[in-house]
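One-letter residues, chain by chain:
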Amino acid sequence: MPTTNIVTIFDNFRAEIDDHNDRRERLIKASRDITNLAKKTIFLLHRLVQEADGRELDDLTAGKKASQQAYPKLREIQDLYAKLQPELQGDRFWRYQRQVSPGLQEYIEALSFAHYLEHGSLITFEEVQRTLMDSQGVEVCLRQVCSALYFPLTVSDYLLGLSDLTGELMRFAISGIARRGGRNKASGVCAFVRGCKADFERMTPYIRELSKKQAVTAQSLEKIEDAAYAIVVRSSEYDLSPEMLDDIVANSISSYSDNSPETRQTFGRRRQADHSDDDDD
Amino acid sequence: MDSNELEKINNLLDRDVELREKIKEQVNEMDKKTRTIIGILNRIHSTPLDAMPALLDSVRPVLLGCRDTTSALAAIIPRNQFWRWKDLWSNSIRTAIFAALLIEYLSTRGLLTIAEAAETLGIREEWSDRMTLPVEDYLHSLISLVNELSRLAVNAVTLGNFEEPIRISIFVKDLFAGFSMLNLKNDTLRRRFDSLKYDLKKIEEVVYDVSLRKLAEVPKES
Numbered sequence: 001m002p003t004t005n006i007v008t009i010f011d012n013f014r015a016e017i018d019d020h021n022d023r024r025e026r027l028i029k030a031s032r033d034i035t036n037l038a039k040k041t042i043f044l045l046h047r048l049v050q051e052a053d054g055r056e057l058d059d060l061t062a063g064k065k066a067s068q069q070a071y072p073k074l075r076e077i078q079d080l081y082a083k084l085q086p087e088l089q090g091d092r093f094w095r096y097q098r099q100v101s102p103g104l105q106e107y108i109e110a111l112s113f114a115h116y117l118e119h120g121s122l123i124t125f126e127e128v129q130r131t132l133m134d135s136q137g138v139e140v141c142l143r144q145v146c147s148a149l150y151f152p153l154t155v156s157d158y159l160l161g162l163s164d165l166t167g168e169l170m171r172f173a174i175s176g177i178a179r180r181g182g183r184n185k186a187s188g189v190c191a192f193v194r195g196c197k198a199d200f201e202r203m204t205p206y207i208r209e210l211s212k213k214q215a216v217t218a219q220s221l222e223k224i225e226d227a228a229y230a231i232v233v234r235s236s237e238y239d240l241s242p243e244m245l246d247d248i249v250a251n252s253i254s255s256y257s258d259n260s261p262e263t264r265q266t267f268g269r270r271r272q273a274d275h276s277d278d279d280d281d
Numbered sequence: 001m002d003s004n005e006l007e008k009i010n011n012l013l014d015r016d017v018e019l020r021e022k023i024k025e026q027v028n029e030m031d032k033k034t035r036t037i038i039g040i041l042n043r044i045h046s047t048p049l050d051a052m053p054a055l056l057d058s059v060r061p062v063l064l065g066c067r068d069t070t071s072a073l074a075a076i077i078p079r080n081q082f083w084r085w086k087d088l089w090s091n092s093i094r095t096a097i098f099a100a101l102l103i104e105y106l107s108t109r110g111l112l113t114i115a116e117a118a119e120t121l122g123i124r125e126e127w128s129d130r131m132t133l134p135v136e137d138y139l140h141s142l143i144s145l146v147n148e149l150s151r152l153a154v155n156a157v158t159l160g161n162f163e164e165p166i167r168i169s170i171f172v173k174d175l176f177a178g179f180s181m182l183n184l185k186n187d188t189l190r191r192r193f194d195s196l197k198y199d200l201k202k203i204e205e206v207v208y209d210v211s212l213r214k215l216a217e218v219p220k221e222s
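Those protein sequences? They're chains A and B, same order as listed. full-length UniProt numbering applies: residue 1 is where the first sequence begins, and numbers increase by one. full-length UniProt numbering applies: residue 1 is where the second sequence begins, and numbers increase by one.
Since the hints were derived computationally from the structure, they do not count as laboratory data. Certain hints may be false.
Said to hold, decoys possible - Each computed BS3-like pair below joins lysine-lysine, with the alpha-carbon atoms no more than 25 Å apart:
(1) A/Lys197 <-> A/Lys212
(2) B/Lys32 <-> B/Lys22
(3) A/Lys29 <-> B/Lys185
(4) B/Lys185 <-> A/Lys197
(5) A/Lys73 <-> A/Lys29
(6) A/Lys212 <-> B/Lys8
Claimed, not checked - Calculated from the model, a selection of chain A residues having no Cβ within reach of chain B, i.e. all distances over 10 Å:
(7) Arg14
(8) Ile28
(9) Gln50
(10) Thr61
(11) Arg95
(12) His119
(13) Thr131
(14) Ser187
(15) Arg194
(16) Val216
(17) Glu225
Unchecked claim - To give an idea of the interface, some chain A residues facing chain B are shown, with a C-beta separation under 7 Å as derived from the structure:
(18) Ile6
(19) Thr8
(20) Glu16
(21) Ile17
(22) Asp18
(23) Asn21
(24) Gly90
(25) Asp91
(26) Trp94
(27) Leu122
(28) Val128
(29) Cys190
(30) Phe192
(31) Tyr206
Ideal placement from N, C-alpha and C gives every residue a C-beta, glycine not left out.
Work out the full structure: start from the sequences and follow the hints.
Given below as structure tokens:
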């Protein structure tokens with residue numbers, strides 16, 4: 001008698017454990033898909049900004065255009081989150097938060113990059129929330145955001161996503177620095193990243209991973225600063241026209257990309273692209 | 001970030017820190033109680049069978065005292081955030097449930113079900129999104145119970161209670177069969193389950209010793 005009792009009890013446990021593990025797996029897969037889409041969106045943005053630079057549009061319109069093209073991609077991610085909603089309802093969100101969070105951070109990184117290119121500012125917590133609810137929700141409750149969300153947005157995912165943005169901005173600034181107007185843009189980005197780093201500093205004790213990411217942000221910032229420094233030093237040595245400076249700057253950048261292994265590949269490719277542009281001129 | 005936004009984020013973070021402190025306070029209270037309980041329950045290994053009910057009666061009120069913690073936690077955990085904070089008290093809850101399981105076994109030689117265990121700690125159905133007893137924690141406590149019973153099998157014999165190892169053996173084998181039905185992933189629960197076989201072996205050796213010397217009647221396997 002007791003044996004059959006135990007069998008029923010453990011039968012129920014098995015069903016529950018299997019259900020939990022299956023859902024967990026599904027969410028990990030979804031998170032990976034989202035990470036992928038977000039990464040592609042970020043690459044797309046970098047590419048679009050570069051192309052626009054070639055056509056000599058001014059920064060703001062170029063950024064706006066690029067972000068407009070990225071938004072449909074981001075909407076694909078938003079649709080995926082809408083579909084995940086039932087998996088994350090009620091107390092489930094926090095149970096699977098660790099599985100959801102990597103994709104979500106990558107999404108926020110891509111979203112905030114597009115937002116920066118369009119507005120030149122940091123996307124707010126509420127603005128991120130507003131992308132994670134159905135369209136009705138947005139109209140109904142502009143103030144009372146939380147109730148219409150697909151799932152709660154955590155401050156930690158928001159901040160960690162933004163922290164990754166600084167790395168993209170570094171790439172954005174340095175790869176564009178050799179272009180006309182690139183130095184202005186770089187100093188704008190430099191100030192912006194510096195501001196981000198200062199803002200995040202107070203929050204590091206609250207979020208464990210943030211202090212690690214702060215170190216990466218510091219590195220990115222230093223790279224932009226070094227590039228800006230090189231430009232000032234060179235331009236003071238010679239009395240040169242901006243056009244000639246562009247060539248010198250392109251050379252000095254190549255030395256940065258050579259000693260920074262994690263970014264070398266990207267820059268190597270871009271440098272070649274730069275040269276081919278020069279040939280056309 | 002503008003200063004408004006910055007303040008908003010910082011407020012959100014501060015709120016979480018406050019909550020965490022409050023939870024820790026409660027968990028500390030519970031840990032005091034569970035330590036007392038475990039201290040008393042340690043004496044089962046040196047308590048003869050006829051003195052056992054009195055010993056168990058002395059722990060029960062302390063165990064029921066843990067209800068204060070669970071209801072306090074249910075009151076401070078925000079809606080739907082059970083899983084966010086549960087790691088803060090998992091260990092304490094597992095210890096309390098282990099004590100409840102052990103007390104039940106020693107009183108009735110039966111298994112306290114998960115629903116009964118939750119009830120012992122005063123965990124209510126309607127708290128399920130804030131305070132509940134997850135299967136995983138219950139299973140951890142069950143494994144602790146088996147660990148403890150394998151020790152008891154040895155010590156019961158020392159105290160002249162030769163029937164106990166046989167009862168324990170049957171009970172634990174049932175549990176082991178139950179655990180074997182689960183598809184555990186490679187986590188601590190799985191590793192602890194894997195170690196159960198050593199407890200089983202130890203118990204079987206005691207049963208062997210006892211039956212070899214005809215100290216107790218071993219029932220035929222059914």
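Quiz item: Hey, does A/Arg95 actually stay past 10 Å from chain B on C-beta?
Solution: Violated, because the least Cβ-Cβ distance between A/Arg95 and chain B comes to about 4 Å, which does not exceed 10 Å.
Exercise. Using Cβ atoms only, decide whether A/Val128 comes closer than 7 Å to chain B, and label the hint accordingly.
Key: violated, 12 Å
Quiz prompt | Supplied contact hint for A/Ile6, tested at 7 Å Cβ to chain B | solution = holds, 5 Å
Practice problem: Hold the hint about A/Phe192 up to the distance rule: shortest CB distance to chain B must be less than 7 Å. | Solution: violated, 11 Å
Quiz item: With a cut-off of 7 Å, does the beta carbon of A/Thr8 approach a beta carbon of chain B closely enough for the hint to hold?
Solution: With a closest approach of 10 Å, the A/Thr8 hint is violated.
Quiz item: Can the hint on A/Trp94 be confirmed by a CB-to-CB distance to chain B that is less than 7 Å?
Solution: holds, 4 Å
Quiz item: B/Lys32 and B/Lys22: Cα distance at most 25 Å?
Solution: Holds, at roughly 16 Å.
Self-check item: A/Glu16 as chain B interface residue, shortest Cβ-Cβ below 7 Å
Solution: holds, 5 Å
Quiz prompt | Interface hint status, A/Tyr206 versus chain B (Cβ within 7 Å) | solution = holds, 4 Å
Quiz item: Taking 10 Å as the cut and beta carbons as the points, is A/His119 off the interface with chain B?
Solution: Given that every Cβ of chain B is farther than 10 Å from that of A/His119, nearest at about 13 Å, it holds.
Practice problem: Below or equal to 25 Å on CA atoms is what counts here, so check B/Lys185 against A/Lys197. | Solution: violated, 40 Å
Exercise. Report holds or violated for the interface hint on A/Asp91, using the least CB-CB distance to chain B and a cut-off of 7 Å.
Key: holds, 4 Å
Against the hints set out earlier in the document, violations occur for numbers 4, 7, 11, 19, 28, 29, 30.
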